[in-house]
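S.K.: Below are the chains, spelled out letter by letter.
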Amino acid sequence: MKDVPDNRVLPSTPIERLRLHAVFFFFFTGFIYVAFGLGYRQLLQSNDLKDLSDTQSRRVILRPPARGQIIDRNGYVLVDNRTRWSVKADLASLQKEFRAEYSKKYQAEKAREPLHIDREKLLEDAKRDVLQAWLNKVWFVIDETNKTSKTYKAPPRHAGLSTPNERNINIEELRKHLRERRPLPYTLVSDLAFPGTGQALTPNEGTKSVARFIEQFPVDGPIRLDSDIIRTYPHGTLAAHVLGYVKDTDELPPNVDEIADFKFENLQKLRYTGKKGATGIEKSYDSSLRGLSGWELWTKTSAGYNQTRLQASESEQGSNVPLSLDYRIQKAAEDALAKIKDSQGALLPGAAVMIDVNTGEILALASQPSFDPNRLADRVSTAYYQEVEKTGGWLNRSIQGLYPPGSTFKVITAIAGMRNKVVDWDDILQCGPSYRMGGRDFPEHIPEGYGDVNLEVMLAVSCNVWNYQVGERLGIDRLAREARRFGLDVPLLSKSGDSEDGEMGGRSTELPSPASRGLVVPDSAYKLRINQGPWNPGDTANTAIGQGYLLTSPLHMACVAASIARGETRTTPTIIHDPRRDGRHQGAEPIGLNDAQMAAMREGMLRCVEEGTAKSVRIPKLPYAAKTGTAEYFKKGEKAHLAWMIGYAPADNPAVAFCVLVEGQFDTSTWGGKTAGPVAKEMLQAWADTARDPAEQAVEPAAR
Amino acid sequence: MDQNRQGARASYIALTIFVAIWILLPSAVRRFNREAFSEFQAPALHLAGKGRDLAKFWELKSRSNEEMAAAGRDLARINAALELKLKSMDDVRRENVRLRDITRYKDTADYLSVVARVATRDSSSWWQRIVIRKGRNDGIRPGSPVIFGITVVGRVTAVHLTTSEVDLVTSPSFRCTAYLEGDEQNRIVLVNGMAGNSLGSARARISVIPYDYFQPAGQTTQVFTTGMGGVFPSRLLLGTLESGPLSAKEANFKEGQLIPARDLYNLQEVSVLVPLHQTPGEALLQTDQLQ
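In the order they appear, the protein sequences are chains S and L. Each residue of the first sequence is one higher than the one before, starting from 2 at the first, in the working numbering. Each residue of the second sequence is one higher than the one before, starting from 76 at the first, in the working numbering.
Misleading hints may appear alongside valid ones.
To be verified - Just so you have them, the derived chain S footprint on chain L, three or more residues with Cβ under 8 angstroms:
#1 248-254
#2 281-287
#3 335-341
As the list claims (entries may be wrong) - Residues on chain L that point at chain S, a partial pick, calculated with CB under 10 angstroms:
#4 218
#5 237
#6 262
#7 355
#8 356
Unchecked claim - Using C-beta positions, here's what the derived DEER-type ranges look like:
#9 S/97 <-> L/309: 36 to 44 angstroms
#10 S/182 <-> L/297: 37 to 45 angstroms
#11 S/97 <-> L/297: 36 to 44 angstroms
#12 L/96 <-> S/96: 46 to 54 angstroms
#13 S/580 <-> L/169: 51 to 59 angstroms
Since the hints were derived computationally from the structure, they do not count as laboratory data. Don't be surprised by glycine CBs; every beta carbon is placed ideally from N, CA and C.
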């Protein structure tokens with residue numbers, strides 16, 4: 002039997018063995034390479050790779066915090082936060098509906114025009130249509146449930162797509178959302194309690210609207226109810242210029258560095274639109290009010306939607322800011338200002354200030370016309386902005402308005418005269434119907450003149466000729482020096498601590514943009530500086546009665562009144578309440594009058610109320626000292642009258658000082674005591690009530 | 076052997092074809108099938124419920140005379156106390172009638188109350204859903220609130236001919252607005268059922284509690300319906316707020332847990348408050364016209 006070679010055994014020739022070893026070696030080397038690679042990545046690179054994976058598959062969502070409250074000196078809440086309920090669509094849950102709608106559209110388009118199908122547009126249209134269908138359902142519930150409300154007016158249901166209302170999906174906004182904030186829910190109705198711009202639902206109706214949606218809209222599904230915090234100003238226009246309002250911001254929150262340092266330095270960060278102060282205290286104390294953001298760590302799907310929330314940290318509400326304002330006095334001031342109207346019944350612009358004589362804390366700071374910050378809390382509509390602009394409501398007249406102080410300045414002329422010994426408290430000056438200075442006759446208020454006038458009488462009746470004479474004896478430079486001693490050219494409301502907010506020309510202020518560069522205390526060099534020629538005695542006469550180039554703000558004049566009440570030259574006003582504040586005022590020094598002179602000054606201002614130009618606004622049982630003024634100024638190119646009144650109360654033991662200004666018309670109807678006086682009277686009565694019974698404050702809800 | 080294999084293959088093929096047909100069936104047909112299954116199941120549920128009632132009856136019947144006498148004495152005491160309370164309410168009732176006469180106040184009933192026995196609990200979500208022995212034939216409509224006494228039990232979610240499914244307060248698909256007792260400003264909070272753990276007790280979540288709300292120390296805070304949502308009448312008791320510190324949630328709100336007012340496990344009978352007028356929510360469920 003012949004042996005047949007067995008093909009099933011391994012070759013055994015040396016060449017074949019060599020090939021076999023080569024193959025073994027090749028595979029072994031490959032295995033070692035893979036094993037080392039695996040070990041290297043698992044053991045040495047694992048942390049880096051994990052970080053990389055996290056970076057690609059996770060994201061951090063930053064949530065803005067609730068802002069702090071703004072409260073008055075008694076803890077009464079002036080600015081608060083309210084819950085805003087919004088309806089949002091979870092885009093991740095709507096993927097199936099998007100696809101189904103797209104498929105439907107695609108088939109229709111294919112049947113119509115198979116060659117030119119714009120898939121991107123179809124997908125965009127499908128998303129819009131799906132969201133529009135859900136939005137219609139939301140509105141159905143809102144409209145049906147609000148039908149009974151008398152104030153609710155449903156906008157047209159199917160207005161054109163170009164109509165910018167919340168009934169239609171705005172394609173541009175949707176595109177932007179999908180591009181920039183795809184993982185965040187898409188907002189269908191931003192404020193359920195106040196649906197649609199201009200809908201005048203009462204708070205109760207608004208809450209009912211929210212409740213109806215909560216209970217009647219299906220719980221399951223892609224439409225979610227979301228709640229966040231929005232700024233609310235419970236008293237509407239009250240102290241609006243002081244409080245300010247907020248605006249949207251995309252700025253990163255102040256604690257973003259801490260969040261990044263924690264572990265998410267390289268992760269994608271998305272944030273809900275936050276708010277920051279736009280004006281007023283909201284702006285100047287923004288860093289205190291805004292708080293610290295919260296964050297959530299999410300995994301994301303390959304399409305970029307959120308998948309699972311892994312970790313979260315709560316945000317921290319901002320600090321409360323206690324203002325020195327007293328709600329009752331502020332309200333009295335604003336109510337009184339609102340009663341002052343011209344012959345056509347239109348509101349006259351004005352300002353009212355009351356400050357604590359000892360501490361300088363501002364108890365009331367009112368400016369008219371005003372605005373409603375609630376209408377600006379979400380977003381500023383152009384129509385409302387223009388409406389306020391037209392009335393001049395953006396200007397805070399009490400600190401930003403610049404006006405000639407008129408006869409209220411005569412107190413400074415009198416002090417300058419006595420300090421420079423050109424007149425004394427008991428000197429009697431002959432005051433006829435006019436006084437000639439620089440070749441021009443300067444008239445008195447009354448054609449017959451006041452005759453023999455001393456300091457007290459001058460202050461009581463506001464005699465012009467007395468001041469012309471004293472001004473002439475003083476000269477403009479000594480008069481200007483005295484005005485500067487009282488700080489009429491010094492910007493007020495500087496912040497005491499370090500802060501980056503409310504800054505004006507490198508100066509940090511308690512309220513944004515108080516009067517600074519526009520303040521004018523003219524002297525002989527001033528007129529040359531503004532190219533108006535050399536100074537002449539007529540200019541001095543004008544300045545002595547608070548006219549001419551002199552420009553100041555109502556807050557400055559309130560400070561002058563407070564300083565005189567204390568017998569000092571300066572008062573440092575502040576809008577922030579501090580119970581431990583002492584009575585020291587920056588740059589203050591004694592006025593420099595002897596007792597008799599000071600007594601005459603005070604007596605003159607008291608007589609102004611008791612028997613002089615302010616006698617129509619006497620308050621029984623509350624003797625107070627005042628000086629009225631009626632100035633001329635140019636308003637939109639036309640001459641007009643300004644009504645002024647400054648003073649302090651009580652006359653014998655001053656506690657508060659005030660200043661009221663009203664921009665009137667150029668007619669005989671606007672006079673200091675007659676026009677501005679009632680506002681001062683209302684403020685003083687409110688102060689007296691508060692001082693008599695501070696516990697009454699407790700009738701209203703206090704700050705938490 | 077081959078025959079067995081062929082038989083097995085045939086059964087797999089049949090199953091595949093059935094599944095494929097089920098998937099491809101129009102949704103209306105599938106819905107009809109599901110509905111038909113519910114109706115088919117209904118007699119069994121009725122029977123089970125009645126059987127349980129019978130068992131309870133015989134269980135009570137088997138009690139000794141002493142036990143019954145003791146229970147009778149207790150009931151008599153409770154009855155006497157309640158009668159006394161009723162007497163004291165007479166004045167209030169008379170005053171109420173007088174004021175209504177003066178103001179010509181017409182009390183329009185918004186709901187029709189339908190009493191229903193509990194047939195069973197849905198075993199797929201033990202704490203979350205019950206089936207009651209009243210349905211479309213009895214005028215029950217989806218979305219109607221379900222109560223026991225003055226406490227909220229849940230809300231009707233599905234209605235069949237003779238049975239209805241009720242999502243309990245603890246069901247994740249239950250949501251309503253509420254007031255917290257002691258919050259003088261009456262700010263609304265949100266009550267939402269929580270997916271429960273099968274061994275734990277049923278709970279619901281109370282969210283959107285204002286950050287400045289603080290639970291009175293040492294007191295139980297009751298949670299009431301607001302009546303603002305148009306579904307639940309006002310001042311019905313939902314339960315109590317679990318004592319202890321509330322957790323801060325969503326940056327600006329607090330969150331707590333609701334302990335339901337009724338022992339949902341032992342419910343035997345409930346009342347369904349059927350709204351006399353259709354609510355928008357119902358309309359939304361019934362119609363697709365908005366699409």
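S.K.: Can you name, in rising order, the numbers of the hints this structure does not satisfy?
M.R.: 3, 5 and 12
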